[in-house]
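Respectively, the protein sequence lines represent chains C and X.
Those letters in the first sequence? Residues 1 to 370, per UniProt numbering, in order.
Those letters in the second sequence? Residues 1 to 344, per UniProt numbering, in order.
No wet-lab data here; the hints were simulated from the structure.
Since we're looking at a predicted model, the values are computed, not measured.
One thing to keep in mind: the hints can contain errors.
Unchecked claim - So the derived label-pair ranges between C-beta atoms look like this:
id, chain 1, residue 1, chain 2, residue 2, range
1, X, Glu305, C, Asp34, 36 to 44 Å
2, C, Ser39, X, Pro173, 49 to 57 Å
3, C, Glu319, X, Gly149, 36 to 44 Å
4, C, Asn190, X, Asp296, 21 to 29 Å
5, X, Pro173, C, Thr261, 35 to 43 Å
To be verified - Partial pick of chain C residues on the chain X-facing surface, computed with a CB cut under 10 Å:
id, residue
6, Asp18
7, Arg41
8, Glu55
9, Phe56
10, Leu58
11, Ser60
12, Leu62
13, Gly94
14, Leu96
15, Val311
16, Thr343
17, Ala345
18, Phe365
Idealized CB from N, CA, C, for every residue including glycine.
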Amino acid sequence: MTAGGPADSGADELTFRDPERADALRARLESLVDRADDSIRIVHVCGTHEQTIAEFGLRSILPDGLTVAMGPGCPVCVTDSAEVDEAVTLAESGKLVATYGDMLDVPGGDRSLAAVRDAGGDVEVVYSAADAVSLAAETDQEVVFFGVGFETTAAPTASVLRNDPPANFSVLSAHKYVPPAMDVVAAHPNTRVDGFLAAGNAATITGTEVFEPIAGTHDLPVVVGGFEPLDVLYALVELVEAIADDEPAVVNAYPRCVSATGNQAAQTALWDVFERVEGEWRGIAAVPDATLAIRPEYAAYDARERFDIEVDRDSETTECICGDIMAGHAAPRECPLFGEECTPASPVGACMVSDEGPCRIRQTFGEVRQ
Amino acid sequence: MSADDEAETLTAAHGAGRAEMRSFLSETVLERLGDPIADGVGLPALDDGAVLPDGDRSLVVTTDSHVVDPPVFPGGDLGRLGVAGTVNDLAAMGAVEPLTLTCGLVVEAGTPTDRIETILDSMAETAEECGVSVQTGDTKVLPPDDLDGIVLNTTGIGRIPRGEQLTSDGLSPGDRLLVTGPVGQHGIALLAAREGFDFETDLRSDVAPVNHLVAAAREAGTVTAATDPTRGGLATALTELAARSGVGLVAEDRAVPVSGATDSAAAVLGLDPKTVACEGRMVLGVAPEDAESVLDAVRATPGGEQAALIGDAVDDHTGRVVVDTGIGQRYLTEPSGQQLPRIC
Chain C
1 MTAGGPADSG
11 ADELTFRDPE
21 RADALRARLE
31 SLVDRADDSI
41 RIVHVCGTHE
51 QTIAEFGLRS
61 ILPDGLTVAM
71 GPGCPVCVTD
81 SAEVDEAVTL
91 AESGKLVATY
101 GDMLDVPGGD
111 RSLAAVRDAG
121 GDVEVVYSAA
131 DAVSLAAETD
141 QEVVFFGVGF
151 ETTAAPTASV
161 LRNDPPANFS
171 VLSAHKYVPP
181 AMDVVAAHPN
191 TRVDGFLAAG
201 NAATITGTEV
211 FEPIAGTHDL
221 PVVVGGFEPL
231 DVLYALVELV
241 EAIADDEPAV
251 VNAYPRCVSA
261 TGNQAAQTAL
271 WDVFERVEGE
281 WRGIAAVPDA
291 TLAIRPEYAA
301 YDARERFDIE
311 VDRDSETTEC
321 ICGDIMAGHA
331 APRECPLFGE
341 ECTPASPVGA
351 CMVSDEGPCR
361 IRQTFGEVRQ
Chain X
1 MSADDEAETL
11 TAAHGAGRAE
21 MRSFLSETVL
31 ERLGDPIADG
41 VGLPALDDGA
51 VLPDGDRSLV
61 VTTDSHVVDP
71 PVFPGGDLGR
81 LGVAGTVNDL
91 AAMGAVEPLT
101 LTCGLVVEAG
111 TPTDRIETIL
121 DSMAETAEEC
131 GVSVQTGDTK
141 VLPPDDLDGI
151 VLNTTGIGRI
161 PRGEQLTSDG
171 LSPGDRLLVT
181 GPVGQHGIAL
191 LAAREGFDFE
201 TDLRSDVAPV
211 NHLVAAAREA
221 GTVTAATDPT
231 RGGLATALTE
241 LAARSGVGLV
251 AEDRAVPVSG
261 ATDSAAAVLG
271 LDPKTVACEG
281 RMVLGVAPED
291 AESVLDAVRA
301 TPGGEQAALI
311 GDAVDDHTGR
321 VVVDTGIGQR
331 YLTEPSGQQL
341 PRIC
């Protein structure tokens with residue numbers, strides 16, 4: 001995409017979209033895949049990586065023998081149905097529920113937040129936890145921020161709670177922490193992972209060191225990558241090279257943003273407010289240590305402590321294969337509902353609802369298969 | 001809500017100019033209205049207008065109802081939108097010199113008179129710009145409970161030599177695709193104004209009549225197909241051209257003109273400018289040997305300075321639009337459902 005006319009390569013270089021460099025990386029990938037003994041399967045864990053891969057058509061240039069699949073990288077998709085039901089219950093009982101736009105259409109056990117809003121409930125779309133605090137400051141009504149997302153949104157939620165929000169503000173946390181889920185996916189008997197492409201945005205907060213135990217335990221490389229097409233191709237080159245050379249290490253392929261130790265201030269805020277507990281990831285199962293719960297010190301702002309929220313914990317519908325897709329062992333096109341009964345206009349599963357969802361992304365940026 | 005419930009009521013998507021609307025038109029409207037027209041274009045073609053042969057000439061007729069929130073927006077207003085939209089639909093059928101327009105207004109009681117004056121002044125000004133005038137009309141005022149805002153209906157009539165119509169089914173493999181200017185500006189400017197985003201840039205709608213650009217193109221070479229990208233943007237326009245012409249299209253992403261401000265705002269909103277509404281653009285299919293001369297002619301015409309050749313019709317990928325990103329390839333798909341702000 002260019003500014004008002006034909007592309008000039010200078011702009012492409014600045015945005016890491018230069019076709020010549022992409023072609024050089026593609027050629028390098030091809031020779032590395034040739035050198036490897038076996039086919040290679042990379043799993044990434046970020047909806048934004050999937051968007052780059054799909055939007056720029058990267059799969060159309062991957063060499064034979066190299067597959068890149070998406071794992072549990074969409075925070076909206078892995079939000080448990082019961083968590084949606086909790087938000088729905090709060091909105092139905094007269095609280096103003098504020099959350100990210102992607103969450104509105106996600107089906108809970110019974111209904112979505114959009115359905116509650118259409119029926120007259122107070123549900124507001126916000127762009128940040130801070131926006132939800134602003135809403136609370138303007139009203140006497142109880143305002144509950146339905147906090148969804150990984151480290152990148154959990155840290156800002158933590159920061160808000162550390163800054164004395166209004167007394168009528170609370171957080172319903174569905175925040176999750178990615179590294180333990182990568183462990184579960186790597187250990188999953190049905191999911192083959194030869195290497196992880198880790199999310200550069202979350203790594204700006206956690207640093208790359210957090211991935212060392214995963215690389216060590218599962219004997220595979222973890223490469224942290226950025227989100228421009230050249231970032232992704234470069235990270236794939238690093239991954240395939242490490243696999244071909246049998247060197248399971250953590251590599252930082254996004255050094256312009258990510259450091260080994262990460263953002264200490266954000267980590268301090270994150271772990272001051274949240275603790276890691278076992279919790280359900282939609283489709284994947286209970287993951288130990290990967291759900292972020294608000295610590296007792298902040299119980300006054302914890303919607304689960306403040307309100308009596310009763311929901312059915314076994315309300316999951318199983319019409320689609322979102323779980324297999326989120327666990328990284330099925331592709332969207334393998335779902336019988338994909339593109340037929342399940343479309344962006346009428347989603348059945350969470351993977352088709354969110355802009356970060358693999359099915360939504362595949363449907364939006366149709367894949368040209370060579 | 002179950003699928004059965006949904007089937008009983010119309011949703012916003014049915015009028016959004018994309019796949020849902022096309023299935024509504026073919027399954028509900030065409031079952032009841034319209035017949036094919038010999039040597040012309042009737043409702044079944046679902047093109048930008050009808051072409052009705054009469055002796056050695058054909059009348060071209062099109063109609064459009066316009067609703068826009070807010071009614072006055074950066075770069076235009078409802079009046080300009082109504083005139084440009086109808087004139088452009090006529091031009092997309094080949095009628096580049098419209099004969100007359102109508103003005104049907106349905107207004108919510110309580111609407112300030114000066115707002116209507118603004119819209120009518122704008123209609124007159126835009127009509128003069130493209131050499132036409134409004135010669136008949138109708139006005140209704142409804143109680144606020146029955147209507148929210150203003151609905152403007154404009155019908156346009158044009159005339160062409162018999163058989164000289166442009167359609168959206170005329171592409172052959174090898175034809176080049178030309179777009180007359182940067183895409184996505186109208187939708188992004190509206191979204192920014194409606195949602196109160198302040199991008200600190202001069203985001204303005206592209207709403208404008210472009211009949212003169214079609215005229216310039218046809219004088220310079222063979223134009224094989226035309227459609228104006230409105231709702232659904234370039235993606236819907238190209239998808240319709242591909243489907244109706246029975247060809248595949250390959251669009252070069254880096255050749256598609258997008259203004260810097262639109263590109264930046266769209267990125268923030270998580271939208272692809274190729275899927276966002278335009279109101280002053282035309283997509284033309286051009287015979288390959290004439291492509292450069294047609295491009296030069298459009299660029300030499302005021303309003304066409306940023307025209308670009310953006311791709312080709314091909315004989316595979318039938319009915320689909322491939323985007324070549326310069327790095328890889330993917331299909332261009334139309335947005336469906338509502339465009340919601342994304343999470344991160």
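A quick look at each hint next to the structure:
no. : hint                            : verdict
1   : X:Glu305 / C:Asp34: 36 to 44 Å  : violated, 49 Å
2   : C:Ser39 / X:Pro173: 49 to 57 Å  : violated, 36 Å
3   : C:Glu319 / X:Gly149: 36 to 44 Å : holds, 39 Å
4   : C:Asn190 / X:Asp296: 21 to 29 Å : violated, 59 Å
5   : X:Pro173 / C:Thr261: 35 to 43 Å : violated, 57 Å
6   : Asp18                           : holds, 8 Å
7   : Arg41                           : violated, 19 Å
8   : Glu55                           : holds, 7 Å
9   : Phe56                           : holds, 5 Å
10  : Leu58                           : holds, 5 Å
11  : Ser60                           : holds, 4 Å
12  : Leu62                           : holds, 9 Å
13  : Gly94                           : violated, 23 Å
14  : Leu96                           : violated, 18 Å
15  : Val311                          : violated, 21 Å
16  : Thr343                          : holds, 6 Å
17  : Ala345                          : holds, 4 Å
18  : Phe365                          : holds, 5 Å
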